[in-house]
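Mind docking chain G on chain U? Use the hints.
Chains as they are written, first to last, in the numbering used here: chain U, -4 to 679; chain G, 2 to 189.
No wet-lab data here; the hints were simulated from the structure.
All values reported here derive from a predicted model rather than from experimental measurement.
For each residue, glycine too, the CB sits at the ideal point set by N, CA and C.
You can take every hint at face value.
Lysine-lysine pairs mimicking DSSO-like chemistry, simulated, CA-CA at most 30 Å apart:
no. : chain 1 : residue 1 : chain 2 : residue 2
1   : G       : K186      : G       : K33
2   : G       : K54       : G       : K8
3   : U       : K651      : G       : K162
4   : G       : K25       : U       : K111
5   : G       : K25       : G       : K8
6   : G       : K54       : G       : K25
7   : U       : K661      : G       : K128
8   : G       : K186      : U       : K535
9   : U       : K645      : G       : K162
10  : G       : K186      : G       : K8
11  : U       : K290      : G       : K128
12  : U       : K666      : G       : K162
13  : G       : K62       : U       : K290
14  : U       : K111      : G       : K186
15  : G       : K186      : G       : K68
16  : U       : K376      : U       : K290
17  : U       : K247      : U       : K111
18  : G       : K8        : U       : K111
19  : U       : K290      : U       : K303
20  : G       : K68       : G       : K25
21  : U       : K111      : G       : K11
22  : G       : K25       : G       : K11
23  : G       : K62       : G       : K8
24  : G       : K128      : U       : K651
25  : U       : K111      : G       : K33
26  : U       : K290      : G       : K162
27  : U       : K247      : G       : K162
28  : U       : K535      : G       : K62
29  : G       : K162      : U       : K661
30  : G       : K62       : G       : K33
31  : G       : K128      : U       : K666
32  : G       : K68       : G       : K54
33  : G       : K68       : U       : K290
34  : U       : K645      : U       : K247
What the simulated footprint calls covered on chain U by chain G, stretch by stretch (three residues with Cβ under 8 Å from a Cβ of chain G suffice, anywhere in the stretch; the number is not a length):
no. : segment
35  : 72 to 78
36  : 262 to 274
37  : 277 to 290
38  : 644 to 656
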Amino acid sequence: MEREDKTITFQRLLSDESYSSDLSSDSCEYYQTEIFGLLPSTQTHRRAHADDITHDQNERLRLDRICWNPNVPLRNLPVCLQDKRDIRDRQHLQKRSIGSWDAWRRSQQTTRRRLKEQVGRAVSGLLPWRHMIHRIEGQFGVGVKAYFVFLRYLLGLNLLYCVIIGGSVLVPTLVYRGESTETQNPDWSSLYKDMFVGSGVLEKTAVFHSFYTRGSLNGACLNTPLLFLLGMVSIIFLSIIMLVRRTVVGYKHSWITGKHFSSNLSYKVFSGWDFSIQSPQAASLKQNFTRNELKMDLEEQAFHARVKQRTLTQWVRLVLFRILLNLAVLCLLTGSFMLIYYAIHLQQSCTDESTECVMLKYLPPITMTLINIALPRIFTKISEFEDYSLTIQLNLTLIRSIFLKLASLSIYLFFFICADKDYQFCQFGQKKNTLKPSQHNSTILCEENEFGKEMYKLTIFNLLEGFFSAFCVAYPRTFLVEKFPSSRLAQILGNNQFEITLNVLDLVNSQTVMWVGVFYCPLLPAISTLRLLILYYIKKFTVMRCCAPAQRMFRTASSSVLFHFTLLLGLFMSVVTLVVNINRFNPGGCGPFNGTRTVFDVTNDCKEMLPNWAKSTISYISSEAFAFTLILAEVVILTSYVSRGRANRKTIERLKDMLVMCSSDKRFLVKQHSTIMRRRQRPR
Amino acid sequence: MGGTASKLPKELLSEYQELTFLTKQEILLAHKRFSELQGRENGPYSSRVSMEKILTLPELKSNPFRKRICHVFSTSDLRDGSLTFEDFLDLLSAFSDSATLEIKSHYAFRIFDFDDDGTLDGRDLEKLVNCLTGETDDTRLTAEEMRQLISNILEESDIDKDGTVNPSEFQHVISRSPDFVSSFKIVL
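Only chain U is shown next, with the shape it has when bound in the complex:
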C-alpha cells in the first residue's frame, strides 16, 4: 500500500499531463499490462487463432490482467478495439454479479467523466483560431505556434482588461457624468492627424485621463475616482497573479526537464517527431531541424570536452577578448540610448502644428523600432565571436535583446519624464524649481494626458510598424525571391524567416507599453485588443505567405517560460513607472483625482465613513506591527515550502532507485514467465 502511494506521488511529480489522478493511480497495473501486451509471444499471435490452445490461454491471461481495474475507461487500454469489446463483455458479466448500487455508481462515474470531458472540450472549442493555429503548426512546427498562442493569450488578457475598464471606469463615468463644460466644435479636418498623435479632438474623448472627471456619483465610498482607482489596481493585481501563475507552471516543467535530470538527448530522439506535420516539405524541414539540433548537441558535448583542455594563455586571451566584445555591446547600447534621448529632445523642441511636426512626434518610436530591429542582429554576430557553446550564444543574444527592448523603453520613459519637467528626481541635486507647470499652463496642458498620449502613440506606431514590415518589407522580398530567383539580390536576401524571439519581444514590448499607459489612457486595452487582432491577421499573412520556416529549432516548453518571464519583467517595469508617475504628477491638474492632494486621498474619505472597529482594523493592518507579523508568517511558510521541496527532491532520488529495482524485478518475472510458457508448450 505504501509503495502504491509513493508511485502516485511520483507520477504526479513527473507528469502534469496525466489528466486525472485516477489514471495515474493505476500506473502499477499499466506497467504490467504493457509488459504482457509486449511479450513476443503475444505479439506474434494476434487474435483470431481460436483453435490454438496456447494462444487462447495466453489471450485469457492477458485479458484477465487487463480487466484488473474496472474504473479505468476502456479506451485507456492500449489494445485494439476487438479486445476492448471482449473486455467489456467480461465486465458486463461482472456487472450483473455485483449489486445494482455499484453498477449505478459506476455508470454515474462514467457519465460524470464524460460530462467533464465534454465541458472541457466545449471550453477549448471556444478558443478562437484553433484551426488556423493548427495549420500553422502543421507547416511551421511547434515554435511558431507558440508565438501565436502567446499572441492569443495576450489578446484574452487585454479583453479581460477591457471588461474591467468598461465596468469600473467607463460606464460609471458615462452614466454619472456632469454637464460637459466644453462645447467647442471639434476640428474634423485634422482628425487623421489626431488619430495618429492623439491630440485635438481625441484629447477630449474617453481615450484620455482628463475625460474621467468626478461626476454626479459622489458618495464617500462610491464615486467615480474610487472606481477608477479600483479598476486600475485590480488590473495590475490580476495581471501579476495570472502571469506569476503561468510562469511558475512553465518553470516547473522546464525545471523538471532541465539540467537537473540530464536526459535532453533522449527527449529529442523519443519525442523528436512532430506527428502533426502533413506536407512533405515541412517533413523534410523537420528532419533538417532534428539533424541540426542533434549535431548541435553532439558538437556542444565535444565543445565541453575541448574547453577542459584549454591552456592558461588561451584562457587569458579569450577572457580579454570577451571583455572587449562586452564593452562593444555596452557602447552600442549606450549609443542607442543616446539616440533615443536625442529623438525625444527633437520631438519636444517642436511645438507647432505643421506636418513635419507630426512626423517629428513619431521620431522617438521610429528610432526605438529601428534600434530594436538592427541591434539584435548585430548581437547575434557578436556572440559568434565569443567562443561560447551554441546554446549559450543563443541565450546570450536573447538576453541582450531583452535587455535592449526593456531598457530602451525605460530610457524612453525616463527621458520623457525628465526632459521638460521639473521633476526633482531627475535634477540630481540641482535646486528644485518651485514653479509647477500645472500652475502656469494648467488650462492648456494636462500632464497626465501628455503621458497617456505618448503611450497611445507608441501603441499606434507598433501597429503601423507591423503593417509596414509585413507589406513593405516581407512581402516585396518574397515577391522578388519568387519572381526572380536567379537574380543576385534575391540570392543575397534569401527567404524570409519568422524570427520567433524578435516577434515575441515585440509583443512583450507593446504589452508593457499598455500597462504603463493604462492609468493615463484608460481605453488603451481596447486599442491594444484591436491592435492584437489586426496583428494576428498580419502575422498570419506574413507567416503563411512570406516565410520559410526558421533554421533554428525552438522548443515550446522552455521558450514559453522565457516569454512569460519577460512579460513579467515588463509588468514590474510598468508598475515602477506608474508609482513614479503617481508621485510625479500633481493630481490637482485634471482627471478623476482633480482636487485631491494625492491619488490615494480618495480612499481616505471612504475610510472616514467606516465604523470604528473597521477603522482601527485598517489602521492596524497598515501599521508596522502587522507588517512584522506578516513577515514572520511569510518566513515560516517559506521555510516549510523549502523543506518540503528538499524532501521531494530526496523522494525523487529514492524513487529513481526504486524504479531500477522494479524494472529488474520485472525483467526477472518476464524471464520466468517465458520459461514457464516454453515448458507448457513442450509437452504438446
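Coordinates of chain G only, in the frame set by chain U:
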C-alpha cells in the same frame, strides 16, 4: 454531415465513442475518409484496406514512421500492415488530442520498436534516429556521431543498465518530456 451519419449504425457509433477517444464528428469524418479509401460505400466494418492505400492519406504520407504505424495498429494475421476501419479508429484514437500520456507513450514505444522484440536496443535506436534525420546517405549522421548519440541515449534513459530501453524506462523518459503529448498527434 447528415448524409454520412446514416451510414454508421447508431449503436456502433456510440460504441466507438465509448471505446475510443474520438468524438462523434471525428468518427464520422474518419468513416468518410476510410470509405473513400475503400473505394466503395458501406463496406463491412471488418474489410481491410491495404497499407499502400492507407499511406496515401496526406496525414501519413510524409511521416517517416508511416509503415511502422500501420504495422503497429494492424490486426491482420498476415502482418501486412493492412487496416480495418476499427484499426483505423484505434490509430486515430491513440493520436487524438484527448488520449492520455500512457496510451501515447505505449504506442510510441511500439512504433519505435522496429524489430518487435519488446525493447529498444541499439539497432532500433539507430533506425529511429535515421527516420528522424532522413534516410539518405547525405542526411544521415556519421557513424561516429551515431555511436556517440546512442551511447548518450542509453546513458540517459537506460536505468537498469542492460543495454536496452524497456517500456517502463521509455515511459519514464517520455512522461518528463513536455513536448511529447503535443507532438504525438494526428488529426484528420
